[in-house]
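S.K.: Take a look at the letters that make up each chain.
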Amino acid sequence: MCFQQKMIHSLFLINCSGDIFLEKHWKSVVSQSVCDYFFEAQEKAIDVENVPPVISTPHHYLISIYRDKIFFVSVIQTEVPPLFVIEFLHRVADTFQDYFGECSETAIKDNVVIVYELLEEMLDNGFPLATESNILKELIKPPTILRSVVNSITGSSNVGDTLPTGQLSNIPWRRAGVKYTNNEAYFDVIEEIDAIIDKSGSTVFAEIQGVIDSCIKLSGMPDLSLSFMNPRLLDDVSFHPCIRFKRWESERVLSFIPPDGNFRLISYRVSSQNLVAIPVYVKHMISFKENTSSGRFDVTIGPKQNMGKTVEGVVMTVHMPKAVLNMNLTATQGSYTFDPVTKVLTWDVGKITPQKLPNLKGIVNLQSGAPKPEENPSLNIQFKIQQLAISGLKVNRLDMYGEKYKPFKGVKYITKAGKFQVRT
Amino acid sequence: GLPSVAFHLCGSSQDLNEDLKQMLESSKDSAKLDAMKRIVGMIAKGKNASELFPAVVKNVASKNIEIKKLVYVYLMRYAEEQQDLALLSISTFQRALKDPNQLIRASALRVLSSIRVPIIVPIMMLAIKEASSDLSPYVRKNAAHAIQKLYSLDPDQKEMLIEVIEKLLKDRSTLVAGSVVMAFEEVCPDRIDLIHKNYRKLCNLLVDVEEWGQVVIIHMLTRYARTQFVSPWKVMVDEYSENNFYESDEEQKEKDQKLKTTYTMDPDHRLLLRNTKPLLQSRNAAVVMAVAQLYWHLAPKSEAGIVSKSLVRLLRSNREVQYIVLQNIATMSIQRKGMFEPYLKSFYVRSTDPTMIKTLKLEILTNLANEANISTLLREFQTYVKSQDKQFAAATIQAIGRCATNITEVTDTCLNGLVCLLSNRDEIVVAESVVVIKKLLQTQPAHHGEIIKHMAKLLDNITVPVARASILWLIGEYCERVPKIAPDVLRKTAKSFTNEDDLVKLQILNLGAKLYLTNSKQTKLLTQYVLNLGKYDQSYDIRDRTRFIRQLIVPNEKSGALSKYAKKIFLAQKPAPLLESPFKDRDHFQLGTLSHTLNSRATGYLELSDWPEVAPDPSVRNVDVAKEWTGILGKPKKEKPTEKFYSESEEEEDESASTSSSGKCLESTAFSLPGKLCLQNCLVHK
Numbered sequence: 001m002c003f004q005q006k007m008i009h010s011l012f013l014i015n016c017s018g019d020i021f022l023e024k025h026w027k028s029v030v031s032q033s034v035c036d037y038f039f040e041a042q043e044k045a046i047d048v049e050n051v052p053p054v055i056s057t058p059h060h061y062l063i064s065i066y067r068d069k070i071f072f073v074s075v076i077q078t079e080v081p082p083l084f085v086i087e088f089l090h091r092v093a094d095t096f097q098d099y100f101g102e103c104s105e106t107a108i109k110d111n112v113v114i115v116y117e118l119l120e121e122m123l124d125n126g127f128p129l130a131t132e133s134n135i136l137k138e139l140i141k142p143p144t145i146l147r148s149v150v151n152s153i154t155g156s157s158n159v160g161d162t163l164p165t166g167q168l169s170n171i172p173w174r175r176a177g178v179k180y181t182n183n184e185a186y187f188d189v190i191e192e193i194d195a196i197i198d199k200s201g202s203t204v205f206a207e208i209q210g211v212i213d214s215c216i217k218l219s220g221m222p223d224l225s226l227s228f229m230n231p232r233l234l235d236d237v238s239f240h241p242c243i244r245f246k247r248w249e250s251e252r253v254l255s256f257i258p259p260d261g262n263f264r265l266i267s268y269r270v271s272s273q274n275l276v277a278i279p280v281y282v283k284h285m286i287s288f289k290e291n292t293s294s295g296r297f298d299v300t301i302g303p304k305q306n307m308g309k310t311v312e313g314v315v316m317t318v319h320m321p322k323a324v325l326n327m328n329l330t331a332t333q334g335s336y337t338f339d340p341v342t343k344v345l346t347w348d349v350g351k352i353t354p355q356k357l358p359n360l361k362g363i364v365n366l367q368s369g370a371p372k373p374e375e376n377p378s379l380n381i382q383f384k385i386q387q388l389a390i391s392g393l394k395v396n397r398l399d400m401y402g403e404k405y406k407p408f409k410g411v412k413y414i415t416k417a418g419k420f421q422v423r424t
Numbered sequence: 001g002l003p004s005v006a007f008h009l010c011g012s013s014q015d016l017n018e019d020l021k022q023m024l025e026s027s028k029d030s031a032k033l034d035a036m037k038r039i040v041g042m043i044a045k046g047k048n049a050s051e052l053f054p055a056v057v058k059n060v061a062s063k064n065i066e067i068k069k070l071v072y073v074y075l076m077r078y079a080e081e082q083q084d085l086a087l088l089s090i091s092t093f094q095r096a097l098k099d100p101n102q103l104i105r106a107s108a109l110r111v112l113s114s115i116r117v118p119i120i121v122p123i124m125m126l127a128i129k130e131a132s133s134d135l136s137p138y139v140r141k142n143a144a145h146a147i148q149k150l151y152s153l154d155p156d157q158k159e160m161l162i163e164v165i166e167k168l169l170k171d172r173s174t175l176v177a178g179s180v181v182m183a184f185e186e187v188c189p190d191r192i193d194l195i196h197k198n199y200r201k202l203c204n205l206l207v208d209v210e211e212w213g214q215v216v217i218i219h220m221l222t223r224y225a226r227t228q229f230v231s232p233w234k235v236m237v238d239e240y241s242e243n244n245f246y247e248s249d250e251e252q253k254e255k256d257q258k259l260k261t262t263y264t265m266d267p268d269h270r271l272l273l274r275n276t277k278p279l280l281q282s283r284n285a286a287v288v289m290a291v292a293q294l295y296w297h298l299a300p301k302s303e304a305g306i307v308s309k310s311l312v313r314l315l316r317s318n319r320e321v322q323y324i325v326l327q328n329i330a331t332m333s334i335q336r337k338g339m340f341e342p343y344l345k346s347f348y349v350r351s352t353d354p355t356m357i358k359t360l361k362l363e364i365l366t367n368l369a370n371e372a373n374i375s376t377l378l379r380e381f382q383t384y385v386k387s388q389d390k391q392f393a394a395a396t397i398q399a400i401g402r403c404a405t406n407i408t409e410v411t412d413t414c415l416n417g418l419v420c421l422l423s424n425r426d427e428i429v430v431a432e433s434v435v436v437i438k439k440l441l442q443t444q445p446a447h448h449g450e451i452i453k454h455m456a457k458l459l460d461n462i463t464v465p466v467a468r469a470s471i472l473w474l475i476g477e478y479c480e481r482v483p484k485i486a487p488d489v490l491r492k493t494a495k496s497f498t499n500e501d502d503l504v505k506l507q508i509l510n511l512g513a514k515l516y517l518t519n520s521k522q523t524k525l526l527t528q529y530v531l532n533l534g535k536y537d538q539s540y541d542i543r544d545r546t547r548f549i550r551q552l553i554v555p556n557e558k559s560g561a562l563s564k565y566a567k568k569i570f571l572a573q574k575p576a577p578l579l580e581s582p583f584k585d586r587d588h589f590q591l592g593t594l595s596h597t598l599n600s601r602a603t604g605y606l607e608l609s610d611w612p613e614v615a616p617d618p619s620v621r622n623v624d625v626a627k628e629w630t631g632i633l634g635k636p637k638k639e640k641p642t643e644k645f646y647s648e649s650e651e652e653e654d655e656s657a658s659t660s661s662s663g664k665c666l667e668s669t670a671f672s673l674p675g676k677l678c679l680q681n682c683l684v685h686k
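Heads up: the protein sequence lines correspond to chains F and C, in order.
The first sequence begins at 1 in full-length UniProt numbering and counts up by one.
The second sequence begins at 1 in full-length UniProt numbering and counts up by one.
It is worth saying that the hints were derived from the structure and are not from the lab.
Since the model is a prediction, treat every value here as computed from it, not as a measurement.
Glycine included, C-beta positions come from ideal geometry on N, C-alpha and C.
Mixed in with the good hints, there may be bad ones.
[Unchecked claim] Subject to a maximum C-alpha distance of 30 Å in a straight line, what follows is the list of computed DSBU-like cross-link-like pairs (lysine-lysine):
1) F:137 - F:404
2) C:47 - C:63
3) F:372 - C:457
4) C:98 - F:141
[Said to hold, decoys possible] Pulled from the structure, derived: some chain C residues nowhere near chain F, Cβ distances all over 12 Å:
5) 55
6) 85
7) 98
8) 166
9) 282
10) 301
11) 406
12) 442
13) 491
14) 497
15) 577
16) 591
Generate coordinates for the entire structure from the input sequences, incorporating the hints supplied.
M.R.: If you want it as structure tokens, here you go:
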């Protein structure tokens, strides 16, 4: 009888040049040749972004993600919720990132034994076993230069030999016995503005996507509650498993025993029903002339509803039409590059000073004889505003129960452009 | 270059293996460890390291836990190939199964059950049985995983394994729940009877189970509910809202019962909906999707809308998540537009989206189009048509066509817009417009002589075969409306016939036939010329079609009765093509599944059953309350230390409801509640 197996059967890691540089099987071995179906699909796709995440082959299904220039291709034999696998693969990539500081082919190859141990702990029989960073770090120590030197001298190991206590308690996300001399809790409220601005400068669509990223270094088992001045702003929230849902429902307070270290506490959305302040405006004049093989390009960026704060880190990227050969521009501020192969124009503007608005203008050269481009390109804008949460969200207070010491607490706000696009 | 590299490695692997063997025999742990690390490196690269088996297996009892772990990794990879040697390691694992350290017990069970050697089936069976009563929930979790492994190794063990599953389903640990339900789904998904007594417990544990387990349990409970409860969709009367259902006093309830005999939701059905709802706020996209599909398949239609917001939130995630979520929204938005109408703008396309994401968003926008939003949408589509991504521009034109047929108010506007596109510089855009215009004209050809004339002119420039074929078909079909142009088009295309694509040739033949029937005076010779060309064409298809047409339209003694009806046959009123979404009817697959994504039945897909006409006996889910209490009393001692983690206020609250986001210690109080409710319900029924 041919047995079937649920969930993830095998995993292949493939780099951009199509080399399979790591494979792991949780059951019997599946030949590398199964990846040929993946390569076939990859060839058909216009670019890496368009390789379908789910591919059906005669005997298997391939579910893949693309992260940091690596394809994580998992082999599945039977029905499974595709998101289950996708979400897990991203968790694997997150773990590599967490352990090695980067999720790259080199890092994975250099740490292949740890990678193998991690994969072994994260999946048993193709089903997720331990995926929480706090738990994994107790089972398998991350590499540090010092530790590997010590290990090679003493022959001692990277692996823990007691079961992490977390697996048994009610709080699987926190390791036990945490001790710090300086107890600190930091929260970063990071808001991103997603927007589509039309030709005339009016907002087609805008909403705020926020997260609160935390760095908690507190001894023992601290029980925290974080409250807001204006919690009603948070329209749609998703929580780290540590948050007590009921407390939020009834009191709009985030109450939780935190994991140790860095983690994302919540993600939220401030709905588009509320008016979203747009901190920058863009004046643009892009035109291509018929029969002259050239065009004009003139863009100015200025501050708008920025609440009196400085808009900085401004970068504009534009995918110019294929017919564009090169661009001869002058920037009054910052520097620009144009890549004639990818046709991407990047203008690194920096800070906006309202007195002298940054401007980029000049001539666009088109391929001679090519028809005038049908559409003007969209401008993608990035920016940052320190010390501001554009939604107006404000942390009220942080209280700690369960421990006696006084922790140091800090909250930082920052607003950034998310997917911020200006149509021209 | 790949084969030569492999060859090179084979040549030197002999020496390499000798080195490794020596290191493994060494007395120093550091050398052994080093060797094992290199061997694992080989396995990771997919190289064959099976030759080292005897040397490696000797180290299975190493005191050094890291060496041991790597030996385990090796064993799991090669034991199947080297069964005899693998047996040498079994006694080590059997010993480890009795180790006082639960980590060692668990990992011994994991490895033992991963060694796919049929001879050890009885040993595995015994180990699983013992582990399933282990004091450590972690070991019991591993036992649940081992069930599936043993089942795939030897399906004959099914009955015995079901006993273990039955036992583990009763387990109250949140750690075990997901894993045992997984085993249940794998080994005996049809034994729904095993779930009855555990149903309420699973519902109540759900918030505290780890994310992966939640997904599995929610999917299983979705199937369960569809076999045990009656449909909430047929009812005309409005259902009790959640609050007054649970809070209304007895009297009110009885009164309601008398009034509404048609439908009352089973409290257990309600329990499932209520306890899954908080999970919409999970950070895990798979959990959110699982709840969304549960609401789609189980909730009253008026309640399904609560999942929309959470699904839209997932669109901020990476492209793979977006892809799956958008597909599911596409299916949902066909049947219940209202669910996603408020989020219309969240599906607007950005030029930086990958094409596959763009086309899915477009699909959803088209599904959501109605009289109220169509003008906004068409303005948005205008931007898309100009996109540099031509594949997407073409898809937009199709979308405009669909809007035009679905919303009659804008048919003319859309048609005019598409006609403007005919002068676009891009041939793909023009071709797609032609195809869509053709379809639109079929729905109302009366007033569109001008457009047909316009398209006839296009024939001189356009080269895309589908578009040329579409134009020719249109002119043929409505040749009586353009009596001057049609014969001229036939003249031109007769000249180019031999150089045309097959698709176009067929339509030239069609055009000729239709003209012959309506205007034979002008076109008789031309048509015969074209038919002669077709007769000697290289393609079978063209030759066959030519012969068929000639027999029909040119009367001779053999042609018989049919040719009398030639005109009726060729110029019959043809039904306009339906412009439909590719996601139509995709919801016969359970949402969120692989089968739904592929739109074909995946191996191992479990069909969602139709609602039963009459609900099976709800009392099967009743749990003996007395037994419950002993269970609860037996438990807390072990969990005492955890109590202090939770603020007291929460514990108090939790007495009133079961949606705790934490403590197992709280689950017990919450647990007794639905039991009581159900008893009440039974009384009411009597």
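S.K.: Compare the structure with each hint and give your call.
M.R.: The hints, checked one at a time:
no. : hint          : in the structure
1   : F:137 - F:404 : holds, 27 Å
2   : C:47 - C:63   : holds, 28 Å
3   : F:372 - C:457 : holds, 23 Å
4   : C:98 - F:141  : holds, 26 Å
5   : 55            : holds, 18 Å
6   : 85            : holds, 18 Å
7   : 98            : holds, 16 Å
8   : 166           : holds, 19 Å
9   : 282           : violated, 6 Å
10  : 301           : holds, 22 Å
11  : 406           : holds, 23 Å
12  : 442           : holds, 28 Å
13  : 491           : holds, 30 Å
14  : 497           : holds, 30 Å
15  : 577           : holds, 27 Å
16  : 591           : violated, 10 Å
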